[in-house]
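Going down the list, the sequences are from chains X and R. Position 155, counted from 1, in the first sequence is what this note's numbering calls 155; the numbers after and before it change by one each time, with no gaps. Position 86, counted from 1, in the second sequence is what this note's numbering calls 86; the numbers after and before it change by one each time, with no gaps.
Mixed in with the good hints, there may be bad ones.
[As the list claims (entries may be wrong)] Label-pair distances were calculated between CB atoms; the ranges are:
(1) V265/R with E248/X: 38 to 48 Å
(2) V71/X with P57/R: 46 to 56 Å
(3) V247/X with T11/R: 52 to 62 Å
(4) N161/R with N246/X: 33 to 43 Å
(5) Q189/R with V42/X: 40 to 50 Å
(6) Q149/R with N246/X: 14 to 24 Å
(7) F212/X with N67/R: 52 to 62 Å
(8) V42/X with R209/R: 40 to 50 Å
(9) T66/R with K159/X: 48 to 58 Å
Hint data in this document are derived by calculation from the structure and do not stem from the laboratory. Built from N, CA and C at the ideal position, the CB exists for glycine as well.
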Amino acid sequence: MATQTVTQQPAAAPPLDQTRWRHKLRTLGPTDWVVEILKYAVLLLLAFTFLLPFYWMLSSAVKTDSQVYTVPPIWFPIPQHWNNFWDAWNSENYWLFTYNTVIRYALPATLGTILSSALVAYSFARLRWFGRDTIFALVLATLMIPGWVRLVPLFIIFKQIGWLNTFWPLVIPHFFGNAFFIFLLRQFFMGIPTELSDAARIDGANELQIMFRIILPLSVPAIAVVALFTFMDAWNDYLGPLIYVNVEEKWVLALGVQRLRSAVAEMGNRQLAYPYLMAVSSLITLPIFLAFFFAQRTFIEGISVTGLKG
Amino acid sequence: MSLLTQARRLTRSDRRDMLVGLLFASPWLIGFLGFTLFPILSSFYYSFTRYDLLRPPVFLGLDNYTNILMNDEDFRTVAYNTLWWVVFSTPLGVLSAFLMALLLNTNIIGRSFFRAVFFFPSIVPVVVTAFVWQFLLNIQYGAVNSTLQFLGFPVVPFLSNPDIVKPTLVLIHMWSQGAAMVIFLATLQDVPRTLYEAATMDGASALRRLWHITIPMVSPVILFNMVMSFISGFQYFTLPWLLTSGGPNQASEFYSLFLYRNAFVYLRMGKANALAWLLFALIIVFTTLLFRLSGRLVFYAGNSR
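Just chain X, same shape as in the assembly (with noise of 0.2 Å):
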């Protein structure tokens, strides 16, 4: 992914999908388009399906209060009751919840996650010393390791630290280095040619030097999906907070939303809040559809680089 120069070409050939499937609109046979029209059926049928609970929690939350448990139910309301996304978006939990979940929580563990995992993918990629490949193996073995047998006692660690009901022990974590981001960075760098990094040594810089000044500024779309991923479970994370913060000054997002239900369901009187439950679910969705619309190259190629996904 070095930088490229594009060249304009005199006559642009049109691209290779397109070509293919016109010349193979000339080439069908009977029993081809049935198979054609079959297969846009199944996608067809598979989008809305996919799509469906979407499309269901939008509509839900532009409906009153009553409309949402009738049956049969309303698939478009008429109105449209706006009022729950403006209510959600003026209430001042959503506000201290995204402050948390953002500024307490994913930018530094982005942060964080970035840094050391250049540095430690720095180390398997551009240096050579002795164990290197084994440690590396290690790093890999971890992968494996359930975090259930970590996740108990760090709690009990944590707990003995004092850092319970803080940020701490979510954010801290990701200043040492993140096994799989270290992997997707570790094959990039390897990809940078060696020949950069040799002129600079003989012009005296040191690793550091070499490391900011010429790998991590060509490596800008690895680092793009590192900071990607690493924000979106930050963002996502449930169990995370649901067992460090107890305070609710200082839930996150999943967490309020999770109390929100659970205060519609304890009304016992159903009939209440469940639009603005949904109006909030979209506003937490909003903010993932809008990275992943904008940064869609950067999400599907991060996934199929390292074939792994969280």
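Could you slot chain R onto chain X? The hints should help.
Chain R in isolation, oriented as in the chain X frame:
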């Protein structure tokens, strides 16, 4: 550069390189010692005690383990549920991801759109999907059952019937396999087209091409996905916790829910740690089995492992 083939004598330059290398890798090394190795060892220690975080731990010997394995009925239910889950959700999840990837790999218009649609559910916060599905699958006012009724089918108690709740969870699991699908899609596109062309010229049908070319070439990734799905299947937590709380009648009480309850609700830290180690052992055993079984099925093109 394995340790065994390296010459025994380290030169001064080697030592310096090693120091620099270790220095750069030190964040992970320190993290490994503090956040992985030490907790695992202390977990092992606690698993032989009774510890409720309030009073000092009391040494119990093997009592935790024997109680769990011999006397605990809940454990048997939980172990059964979890094994059921792993056995069914892993192959079905990988299969659905693979089939979707196959479908997307053909020449279709709007591939990016469909890929995005199938991928999206896997990145949405689990809290959101839990609540939305909980509502959609409700037996009285859920949209799914209403549609079934409208089409003339009987109502299905997705979440309220103990026998149906686990298959329902499997379906939801298959819905969120978008990430695995993306991995398969990338792998499928890496299969050299010349292989297909040669086979087509020899008269191979689409099904044959699938079975004799596609699947063998993709088999390492299939195995990888199966193993990862397997391991995370044993630790399945958030969705059942939010959606069914282990019900109805403990039909969806999986190992991790049981562990969570013992640790954070009943504060039985000793038992929880013992459960965690049993889980560890279980995972190792079954993963090894999986690797053995798949040994002859996986084809590694290019450099052999």
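Now for the hints, and whether the structure bears them out:
| no. | hint | in the structure |
| --- | --- | --- |
| 1 | V265/R with E248/X: 38 to 48 Å | 19 Å, violated |
| 2 | V71/X with P57/R: 46 to 56 Å | 55 Å, holds |
| 3 | V247/X with T11/R: 52 to 62 Å | 56 Å, holds |
| 4 | N161/R with N246/X: 33 to 43 Å | 35 Å, holds |
| 5 | Q189/R with V42/X: 40 to 50 Å | 20 Å, violated |
| 6 | Q149/R with N246/X: 14 to 24 Å | 43 Å, violated |
| 7 | F212/X with N67/R: 52 to 62 Å | 55 Å, holds |
| 8 | V42/X with R209/R: 40 to 50 Å | 19 Å, violated |
| 9 | T66/R with K159/X: 48 to 58 Å | 27 Å, violated |
When each numbered hint is compared with the structure, violations occur for hints 1, 5, 6, 8, 9.
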